Amino acid sequence: MQLAVVASLLVAVTWIAGNTAANLESRGIASGFGFLSSESGFGIIQSLIAYDESSSYGRAFVVALLNTLVVSAIGILLATGVGFVIGIARLSSNWLVARLAGGYVEVFRNIPLLLQLFFWYFAVLRNLPSPRQSISVMDSVFLNIRGLYLPRPVAGEGIGWVWLALLIAMASAGVWWRLARRHQDATGERRAVFWPCLAMLAGLPALVLVLGGAPLHFEFAELRGFNFVGGIVLIPELAALVLALSAYTAAFVAEIVRAGILSVDRGQTEAARALGLRRGLSLRLVIIPQAMRVIIPPLTSQYLNLVKNSSLAAAIAYPELVSVFAGTVLNQTGQAIEVIALTMGVYLVLSLSISALMNWYNQHSMLRGRG
Amino acid sequence: MRHQFLLGLFLNLALFLNLALAANGAHAGATLDAVRAKGFVQCGVNQGLPGFSNADNKGVWRGLDVDVCRAVAAALFGDAAKVKYTPLSAKERLTALQSGEIDMLSRNTTWTLTRDAALGLNFAGVVYYDGQGFLVRKGMVKSARELDGAAVCVHTGTTSELNMADYFRKHDMKYTPVVFEKADEALHAYAAGRCDVVTTDRSQLYAQRIKLKDPEQHVVLGDVISKEPLAPVVRHGDDEWFDIVKWSLFAMINAEEMNISSDNVDTIKAKTEDPGVRRLLGLEGDKGKDLGLDNDWAYRIIKQVGNYSEIFERNLGSGSPLKMERGINALWNQGGILYAPPVR
Numbered sequence: 002m003q004l005a006v007v008a009s010l011l012v013a014v015t016w017i018a019g020n021t022a023a024n025l026e027s028r029g030i031a032s033g034f035g036f037l038s039s040e041s042g043f044g045i046i047q048s049l050i051a052y053d054e055s056s057s058y059g060r061a062f063v064v065a066l067l068n069t070l071v072v073s074a075i076g077i078l079l080a081t082g083v084g085f086v087i088g089i090a091r092l093s094s095n096w097l098v099a100r101l102a103g104g105y106v107e108v109f110r111n112i113p114l115l116l117q118l119f120f121w122y123f124a125v126l127r128n129l130p131s132p133r134q135s136i137s138v139m140d141s142v143f144l145n146i147r148g149l150y151l152p153r154p155v156a157g158e159g160i161g162w163v164w165l166a167l168l169i170a171m172a173s174a175g176v177w178w179r180l181a182r183r184h185q186d187a188t189g190e191r192r193a194v195f196w197p198c199l200a201m202l203a204g205l206p207a208l209v210l211v212l213g214g215a216p217l218h219f220e221f222a223e224l225r226g227f228n229f230v231g232g233i234v235l236i237p238e239l240a241a242l243v244l245a246l247s248a249y250t251a252a253f254v255a256e257i258v259r260a261g262i263l264s265v266d267r268g269q270t271e272a273a274r275a276l277g278l279r280r281g282l283s284l285r286l287v288i289i290p291q292a293m294r295v296i297i298p299p300l301t302s303q304y305l306n307l308v309k310n311s312s313l314a315a316a317i318a319y320p321e322l323v324s325v326f327a328g329t330v331l332n333q334t335g336q337a338i339e340v341i342a343l344t345m346g347v348y349l350v351l352s353l354s355i356s357a358l359m360n361w362y363n364q365h366s367m368l369r370g371r372g
Numbered sequence: 006m007r008h009q010f011l012l013g014l015f016l017n018l019a020l021f022l023n024l025a026l027a028a029n030g031a032h033a034g035a036t037l038d039a040v041r042a043k044g045f046v047q048c049g050v051n052q053g054l055p056g057f058s059n060a061d062n063k064g065v066w067r068g069l070d071v072d073v074c075r076a077v078a079a080a081l082f083g084d085a086a087k088v089k090y091t092p093l094s095a096k097e098r099l100t101a102l103q104s105g106e107i108d109m110l111s112r113n114t115t116w117t118l119t120r121d122a123a124l125g126l127n128f129a130g131v132v133y134y135d136g137q138g139f140l141v142r143k144g145m146v147k148s149a150r151e152l153d154g155a156a157v158c159v160h161t162g163t164t165s166e167l168n169m170a171d172y173f174r175k176h177d178m179k180y181t182p183v184v185f186e187k188a189d190e191a192l193h194a195y196a197a198g199r200c201d202v203v204t205t206d207r208s209q210l211y212a213q214r215i216k217l218k219d220p221e222q223h224v225v226l227g228d229v230i231s232k233e234p235l236a237p238v239v240r241h242g243d244d245e246w247f248d249i250v251k252w253s254l255f256a257m258i259n260a261e262e263m264n265i266s267s268d269n270v271d272t273i274k275a276k277t278e279d280p281g282v283r284r285l286l287g288l289e290g291d292k293g294k295d296l297g298l299d300n301d302w303a304y305r306i307i308k309q310v311g312n313y314s315e316i317f318e319r320n321l322g323s324g325s326p327l328k329m330e331r332g333i334n335a336l337w338n339q340g341g342i343l344y345a346p347p348v349r
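Line order of the protein sequences matches chains A and B. The first sequence runs contiguously to residue 372 in our numbering. The second sequence runs contiguously to residue 349 in our numbering.
Calculated from the structure, these hints are not laboratory results. Keep in mind that this is a model prediction, so the values were computed, not measured. It is possible that part of the hints are untrue.
[Claimed, not checked] Computed beta-carbon distance windows for the label pairs: (1) B:Asp153 / A:Leu11: 52 to 60 Å; (2) A:Ala51 / B:Pro347: 51 to 59 Å; (3) A:Leu217 / B:Ala60: 32 to 40 Å; (4) B:Lys43 / A:Tyr362: 26 to 34 Å; (5) A:Ser27 / B:Asp153: 43 to 51 Å.
Backbone N, C-alpha and C define an ideal beta-carbon position, used for all residues, glycine too.
All chains, full assembly: derive it from the sequences and hints.
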């Protein structure tokens, strides 16, 4: 029986594929993925890898994919951070903090994401000044309607030593942390960890930098002609998209976190307090680790939503996958079936990878030894 | 916008299903038969481009491209009103035609080799000879050659995007492309100062300029950086339908050349001796029958829609807010390049 179902499915798929190919051919519509290696001829405003008009459609695809990944990654980090803070704040015993957090959740969760995106892009970021009237901080950072211009660090001779110093600093900070931990386990005495580690991480590379004759300088953006040239530019489209995605998703994450914390038995909090743990510590060491088991599965869905929602960027000129590949490339080549199939494939793979990663983490953080 | 995106996705899906499930090999005449059977022409037009296709305050579609759809309906059904319009974005238009959502596309679409050869489409004569230009703030630059380093707003799915890249590359100038989904969004971004320049076909720039708050503060530069022959489009597989669309347009151009307009067509029809005019108006020969239409097909187009000069002046020229000159779109014997094959 099952074999018959699988067999008929295979036959149907083969028939559809064959018929599609035959029809494309009979209507004179080009098909196949050969177009990926031909020259694209269009520019992209933001690319993490070298790209210009003479690059191929395949490379444009990679640029667009990276742009999607960048905005998703920043969005997920911010949404998680803000979401946790708001979620915990909703449970605060401080009336005002709890109400403010509640208000945040209700507002951002109940307005459609696309409207929020338009709000950030058209209402907020459009009010920035023109390049000539840029807001500038010490003549090195500039903010205007075209973006935020930051100095670009340029590595000189001997930058390798600085990296080495950073590695050493990281290793020794790790050792310091373990020693402090062991000391506390053995004697119950707490040693300072944060400040010594920070001093090592920041101080050592800085020291090497100064001793090595500063093999690092900054390229500043400067106004030349119409626009600022040089430096690193963060385009307003990226900012609008990150703001909208993270503010929106954070509201959902906050509710998930709240639910997770509430699912932990109240006795756990009381027990932690009875042991003498302060509020923050009992939250961090006792409540959250248990809440995570409840939080992770729905959190995964939110991450998946965020990645897929990033495709709304097509509305505000951020060059991500749907805008560049399923937009411009589709139009230049006209090969709708190939382009859309590839785009759908990418989102599928992205979503499945995030699920796999989160499932792994979930297994890792599950209660052990309960049989 | 969301709606837009969904429509686009829907169209792609429709294309796929259509191609996947349709019986192999559409027979000739399929589109024409379907149009006859349903009794109206489904015409893809621009969502809002004054002069070419724009719904007026009563919801009636008007414009040069719209009049081409009406001419086809007049020739086919004897009633220019038998058209249903599908407003499409630049991105959706070709897929909508390929998938059979619309019967013809009359949406300021540039005739290019790729579209003609690789996308299974046919271009039915040129309605308007356009070229790409730049709209800038007054006094900023005099020529496009001074645009080095500019941020340029453009809308996706157009030849403008590629021409712009070619132009800046050819002249070794740098630029920042800011690519929007719709022409209006690109214009708003320009108005807000996100870009220094907005680029598209020059006819569109004139139309968009009057949408700006203070049109006098903006100018269309003199530079024309590309050839943009705008043409109605049909899909492969129905040559008879292709002929009807093509000759509906040629009839309007020929009518202007013969000085036949909607006002004088009845008088001329009553007493003309000119054999060329008699052939066009169906008094001599069976030209309409050859197209699979009635012999007074062209008469109906001229009577109901007008000749080329009438539709130009009404939508783009002196009778419109755009006040555009005929320029190269004048007839071939009046200093332009507009030229239709003879009705013979």
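*Note whether the CB distance of Asp153 (chain B) and Leu11 (chain A) lies within 52 to 60 Å or breaks it.*
Roughly 58 Å apart at Cβ, these two residues keep to the hinted range, so it holds.
*Should the hint that Ser27 (chain A) and Asp153 (chain B) are 43 to 51 Å apart at their CB atoms be regarded as holding?*
holds, 48 Å
_Outcome of range test on Cβ distance (Leu217 (chain A), Ala60 (chain B); 32 to 40 Å)_ = Roughly 59 Å apart at Cβ, these two residues miss the hinted range, so it is violated.
*Can you let me know if the beta-carbon spacing of Lys43 (chain B) and Tyr362 (chain A) is within 26 to 34 Å?*
violated, 57 Å
*Go ahead and decide if the range 51 to 59 Å is satisfied by the Cβ distance of Ala51 (chain A) to Pro347 (chain B).*
holds, 55 Å
Hints 3, 4 from the earlier list are contradicted by this structure; the remaining hints agree with it.
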